[in-house]
Amino acid sequence: MALLTRTAGALHRRPRLRLALLLTAPLLWLAVLYLGSLSVLFVSAFWTTNSFTSEVVKVWSTDNFHELFTTPVYREVILRSVGVALAVTALCAVIAFPLAFYTARVARPRWRPLLVVAILTPLWASYLVKVYAWRLILSEGGLADWMLRPFGLGGPGFGLPAAVLTLTYLWLPYMILPIHTALEQLPAGLLDASADLGARSWRTFRSVVLPMVLPSVAAGSIFTFSLSLGDYITVQIVGGKTQLIGNLVYSNIELNLPMAAALGTVPVVVIVLYLLAMRRTGALSSL
Amino acid sequence: MRLTRTLHLAAATALLLAATACGSGSGGSSSTGLNPPDLKPLSKLGKSEGQVNLIAWAGYVENGSDDPKVDWVTPFEKQTGCKVNSKVAASSDEMVKLMKTGEYDAVSASGDASLRLIASGDAAPVNTKLVPNYKDVFSGLKNGAWNSVKGQMYGIPHGRGANLLMYNTQKVTPAPTSWAAVFDDAAKYKGHVTAYDSPIYIADAALYLKSTRPELKIKDPYALDQKQFDAAVSLLKKQNASIGEYWSDYLKEISAFKSGDSVVGTTWQVIANLAAGEGAKVKAFVPKEGSTGWSDTWMIYSKAKHPDCAYQWMNWIVSPKVNAQVAEYFGEAPANSKACELTSDKNFCTTFHAADEDYWKNIAFWNTPIEQCLDGRTDVKCVPYAKWVQAWTEIKG
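Just so you know, the sequences run in chain order A and B.
Residues in the first sequence are numbered consecutively from 79, following the working numbering.
Residues in the second sequence are numbered consecutively from 328, following the working numbering.
Isolated chain A (complex conformation) (with noise of 0.2 Å):
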């Protein structure tokens, strides 16, 4: 008891002490698994393999960087990529802003927490189960070719467009749920004085709503964005024959695993580059 006290008054007297004894088992996880995993990752994009037996040889080269750069497919690739994630991130942040304006705003206020909660159900489901769903609706003379058909329209079929479809599905919720938060604290006071001032409704929402939810659309963005960039699995499913980073990392794994290592720092970069211009926004702050 005695000692406990002790340490309890050492402990009060240095508040330093105190810190680094909190925080030393967080930042070493943080260190080691996630900074030191991402830093072998890096390393290892310098190694090479032997071409017949696809061991890994531990000479230093930045062949692999260069192959990157300079093959167009890899490029084409990358390009693609980046393409599906914003265009992903674009959709669900349009499909979005209404759906939250609903369940924040416009619905009755004890309606609000259930439509919050149907919102959330599709993430119960397990992703595969809900991607193989949209390959039967995708699928020739599945729902969605049915649906389409007395318009004189087919469904789009497998591919990008597909995957890109699939994909703001998936992450859909990611994008509500932060903007529902937003338009919800939004004070009602600040309509009412844009509305006393003789603004329409048009204008508050574009000079008052959409300048403080904007950050939220932001945080967002960066889970729709970030899911969408790393996803292999469901572009295999409903693709078609679509490749995307993650499956050229895949497909890499095995027989070239530095290449695989270049590979995956490309998406590392350009999450960080997007994180970068998100923080001009001010999203982390709202995440």
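Hint data in this document are derived by calculation from the structure and do not stem from the laboratory.
As the structure is a computational prediction, the values presented were derived from the model and not from experiment.
With a Cα cut of at most 25 Å, we get these calculated DSS-like pairs of lysine-lysine:
1) B:K456 / B:K469
2) B:K714 / B:K565
3) B:K688 / B:K469
4) B:K665 / B:K688
5) A:K136 / B:K714
6) B:K498 / B:K565
7) B:K554 / B:K714
8) B:K427 / B:K714
9) B:K579 / A:K208
10) B:K632 / B:K427
11) B:K424 / A:K136
12) B:K544 / B:K688
13) B:K585 / A:K208
14) B:K427 / A:K136
15) B:K579 / B:K515
Reference listing, derived: stretches of chain A covered by chain B, where coverage requires no fewer than 3 residues with Cβ under 8 Å from a Cβ of chain B:
16) 216-224
17) 314-323
In this text, a Cβ means the ideal position worked out from N, Cα and C, and glycines have one as well.
Dock chain B against the given chain A, drawing on the hints supplied.
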């Protein structure tokens, strides 16, 4: 300790990056060719070690846990006292990698893995005298280019299958007779053509070019010089425009043929049977140009800790009854000629052409392409597998 080492490495990396900028270092790529290390096969069996560690394709080592009726491991364990620990591998490349860990005694390697294992000295030559059931193995499977070197067997054949051309009988008319259906005439079914998603599929294009463009002088679809290889790759790039999707998961191909998303493309017998069983209007056959195929071989690790049990396993898996069971469960032609009398479906061996050696003569079994041309040419260098992998990425675009 490891962290500091990583940090040192990271620092070294940064320095190296700064120093070499864009220079290209020398890769460690040197083809070993096919001069395997001088290893001696086991001369006689010793005492059972009590266990054996296997790497296998899904469905090859079944102990009743997937399906209580499918079990040939438990009787083996009872009879020999060797406990079986098995690890399922999803690809030939994974098998090669797992064998290198040294923790396994034997592997069911396909032809595109077996040569790599032989050349690297991971697979030991096999004394076939210690495997009594070897004598009943079909002669077409003995001393193949994919499982032996200079007359020395490096494993015990397990079974084989061909890559077939499958088509939807309602949508593809007239019925195709040639691989042209997925190459030169593929545009007719644009968006509904399928192909096997693996670099080894380049050999299928080479096999087609072998008969349609004789001036390329392709002898063996796994031994392609740069010019022949480029022709195959450009054919596949053209095919890509008509591809709906590539398949590697067989369930995905079944669903695509059932729905009509795919109407023509490569397949395996087992997939064709399953798809037809589920009501898809499909037919599968070997086109007139012949076909590629796979032949699996049980190989033993050169430094196996349990060689005696591994030999007993190899003998067990090709014994008539068990070979019939595994062939029927997986959907392939058994290796043991006596297995055909013991299958539950009496037509099984006919369906899978088990005894039809003429059928197999038209099949080019999967093999690992290496720099040293497999067809015996010495005046040119052939394109090694690593380049096939790279080309496959480019073909898919």
